[in-house]
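Q: Sequence:
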Amino acid sequence: MLKFLHLEDYRCFKDTKLEFKDLTIAVGKNNAGKSTIIEALRIISYALSKPIFRSIPDGLARDFPKKAKCIIVNGKMLKINTGTIPHNYDEGAKPKLTAGFYDGYKIVVHFYDGLIFALVYDSNGKIITNKNTFNNSGFPKLNILPQIGPLRKIEKYLSEETVRKDKDTYLSSLHFRNEIYLEMTNDEKVFNEFSSLIKQTWKNLQINPPKLDHSSDNTLVSLVVGENDFMTELGYVGNGLQMWLQMMWFVTKSKNQGITTVILDEPDVYMHPDLQRKLLKYVRRNFQQVIIATHSIEIISEVDSENILNVSNKKKKLKYTNELLAVQKVVDEIGSIQNMSLLRLFTYKKLLFLEGEDMWFLRKFFDKLYPESDFSIDHIFSIKIEGFSNFNKYFKVADFFKSIDGKLSIIGILDRDYYPDSYLSSIKQDAEAKEETKERLKLHIWTKKEIENYLLIPEVLFRISKGQDRAKFYQEVEDICETFREETLGKFYDKMIAYGTGDGKELDSKWEASKKYSKCQELFDNRWKVSLENKISMINGKDLKSKIYKFIEKEYHQSCTDNIIFKEINREEVHEDIENLFLDIIDGIEI
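Just so you know, we're using our numbering here: the sequence shown kicks off at 4 and counts up by one.
For the record, the hints were derived by calculation from the structure and aren't laboratory data.
Bear in mind that the values here come from a model prediction, so they are computed numbers and not experimental data.
Heads up, some of the hints might be wrong.
Distance windows between CB atoms, simulated [what the hints assert, rightly or not]: (1) A501 - N583: 26 to 34 Å; (2) K97 - E571: 45 to 53 Å; (3) E490 - K32: 50 to 58 Å; (4) N133 - S562: 43 to 51 Å; (5) G507 - S392: 16 to 24 Å; (6) S392 - N583: 19 to 27 Å; (7) N583 - Q432: 16 to 24 Å.
Derived DSS-like pairs: lysine-lysine, alpha-carbon spacing no greater than 30 Å straight-line [stated by the list, open to error]: (8) K32 - K320; (9) K550 - K570; (10) K192 - K99; (11) K79 - K202; (12) K82 - K53; (13) K159 - K134; (14) K387 - K99; (15) K508 - K475; (16) K144 - K17; (17) K508 - K494; (18) K410 - K475; (19) K214 - K159; (20) K258 - K206; (21) K322 - K387; (22) K281 - K371; (23) K206 - K79; (24) K17 - K109; (25) K494 - K469; (26) K322 - K20; (27) K53 - K214; (28) K24 - K70; (29) K532 - K545; (30) K17 - K317; (31) K156 - K214; (32) K570 - K451; (33) K20 - K156; (34) K508 - K396; (35) K134 - K387; (36) K72 - K82; (37) K532 - K494; (38) K156 - K134; (39) K367 - K387; (40) K82 - K99.
Where a beta carbon is used, it is the ideal one built from N, C-alpha and C, also for glycine.
With the hints as extra help, turn the sequences into a complete structure.
A: In structure tokens:
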């Protein structure tokens, strides 16, 4: 995979470096340098796809090792004006692009007297000098979407040499039918996969194999597509469908070629938001690394903020955004009036009320339950609440959003804390009160004290400890729980007195204090004494996990953290409370 790109004296960049992740969404306002980065990647992709090695250009040979060879890049085929490349048009500048890959592979592109040439280095830092060595070096493969556009109404049949020479260049759109015909002539597999992908991604769309048409003076290549019973030549369909077919052809070819990194430049042009989301989901599932340059708010809203690279030619090192507020700032800078949070709200038609930092834990649990999904749970619009004390005012918020869009599904998530069952039942009844047969909101109240308690699974903790005696370890965890008994009972008693006293509740208001305490202790013990899991579920989760983590490190010499637990938990060990919540959240969402 591509690790970094360093641009030196290249167009608007004086000296800038950026790093790539497995998913990088490059955004930025006009003239920030986004197109320049894509152009640089296009040069690199072109060089690596046509590794024909030549001697170093005259006049520069002494600047490189004697036996060094380079790949000459045809700038005209990429529509690159080399005369405008030097930074600030400085004649003394020496533009250079350096792309580093994981495992140490590297390509360095130089510009000299109108020429573009690249030196390629293997994983040991040695210059590669011939095609055979290059092909056997294990050099990572990347592919960039050509500069595509609307297709010709009719397309003349071209020679194989012409089609291969112009493939993956700005002429690709003009030779689209020819390229498919040539590929199918050699191997029908790629076309069949392309046809299958089209059917999956565009409802009812069919595409017939390309054919030669000899009915006119010039032999033509014909490609017929259609929906249901209506079929027509590709030149007569809309630009949106033409662009989509070209993109699907590109990703089909790339997948068959074993490409690890795909790069897309503004794939949103001519494309409906639903297709943008489909494209993003497909490439993420099928390639190790995806790099997209875009202005699309739909694409930006579909990814985590940590994957959004804010492009600026004023900075030496480009950085990723870290939170939604930073993403919103980027969106504002590129000229959109859309609010990212509201866009997500009305895209997925889901609103979450949740406490504290629960979203971090929810994201981890979601990834464990749905490892193959590209959907991220924190794309759901959420509002933080401060427990039961403020919950009534959020009923009004729920009612407000329901009045805007009656199809919104509003879900509340609350800690159980130490509240009595009677109080929880009344809150749930109020929350889910129906108006004209529609629920106000769907309320999930954890059966454990709080979300952190769901991490504390004895068997998972035992595996992390690498202990040999399971019964001994379980007893040690139970002993730790017992140290919290009096504190937990005290909090249980306080909540029971405050919220569980009165008609139809756990405690009779007419009872004396001693009887109330005795009843509270009975109710407490009825849960506490049942099992180790019950004890774990009743204690303050944050405090208990801290003590258990320290115990495992001290007594078993093993690190134990939230992240280590999430790595160790098996899917079937995730509690049903978590699973049931996600089933409500993802209902109606394609994940």
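Q: Could you run down the list of hints and mark each one as holding or not?
A: Hints, verified against the model:
1. A501 - N583: 26 to 34 Å: holds (29 Å)
2. K97 - E571: 45 to 53 Å: This hint holds: roughly 52 Å between Cβ atoms.
3. E490 - K32: 50 to 58 Å: holds (54 Å)
4. N133 - S562: 43 to 51 Å: Cβ of N133 to Cβ of S562: about 48 Å, so the range 43 to 51 Å holds.
5. G507 - S392: 16 to 24 Å: holds (22 Å)
6. S392 - N583: 19 to 27 Å: Holds - the Cβ-Cβ distance for S392 and N583, about 25 Å, lies within 19 to 27 Å.
7. N583 - Q432: 16 to 24 Å: Cβ of N583 to Cβ of Q432: about 19 Å, so the range 16 to 24 Å holds.
8. K32 - K320: Measuring from Cα to Cα gives roughly 17 Å; hence the hint holds.
9. K550 - K570: Judged against 30 Å, a Cα distance of about 20 Å means the pair holds.
10. K192 - K99: violated (40 Å)
11. K79 - K202: Not satisfied, since the Cα-Cα distance of roughly 36 Å exceeds 30 Å.
12. K82 - K53: The hint holds at about 17 Å.
13. K159 - K134: violated (33 Å)
14. K387 - K99: Roughly 48 Å between the alpha carbons, so the hint for K387 and K99 is violated.
15. K508 - K475: Judged against 30 Å, a Cα distance of about 40 Å means the pair is violated.
16. K144 - K17: holds (28 Å)
17. K508 - K494: holds (18 Å)
18. K410 - K475: violated (53 Å)
19. K214 - K159: Status holds; Cα separation ~12 Å.
20. K258 - K206: Given that 30 Å is the threshold and the Cα spacing comes to 22 Å, the pair holds.
21. K322 - K387: holds (27 Å)
22. K281 - K371: holds (23 Å)
23. K206 - K79: Not satisfied, since the Cα-Cα distance of roughly 39 Å exceeds 30 Å.
24. K17 - K109: holds (21 Å)
25. K494 - K469: Distance ~34 Å between K494 and K469 Cα, so the pair is violated.
26. K322 - K20: holds (10 Å)
27. K53 - K214: OK: K53 and K214 at ~29 Å, within 30 Å.
28. K24 - K70: Since the Cα atoms of K24 and K70 sit roughly 35 Å apart, the hinted pair is violated (cutoff 30 Å).
29. K532 - K545: holds (21 Å)
30. K17 - K317: holds (8 Å)
31. K156 - K214: With Cα atoms ~15 Å apart, K156 and K214 stay inside 30 Å; holds.
32. K570 - K451: With a Cα-Cα distance of about 21 Å, the restraint between K570 and K451 holds, given a limit of 30 Å.
33. K20 - K156: violated (43 Å)
34. K508 - K396: holds (24 Å)
35. K134 - K387: violated (58 Å)
36. K72 - K82: Status holds; Cα separation ~24 Å.
37. K532 - K494: holds (17 Å)
38. K156 - K134: Given pair K156, K134 is violated - Cα atoms ~39 Å apart, limit 30 Å.
39. K367 - K387: holds (18 Å)
40. K82 - K99: Within the cut-off at roughly 18 Å; holds.
Consistency with the previously given hints fails for numbers 10, 11, 13, 14, 15, 18, 23, 25, 28, 33, 35, 38, ordered from lowest to highest.
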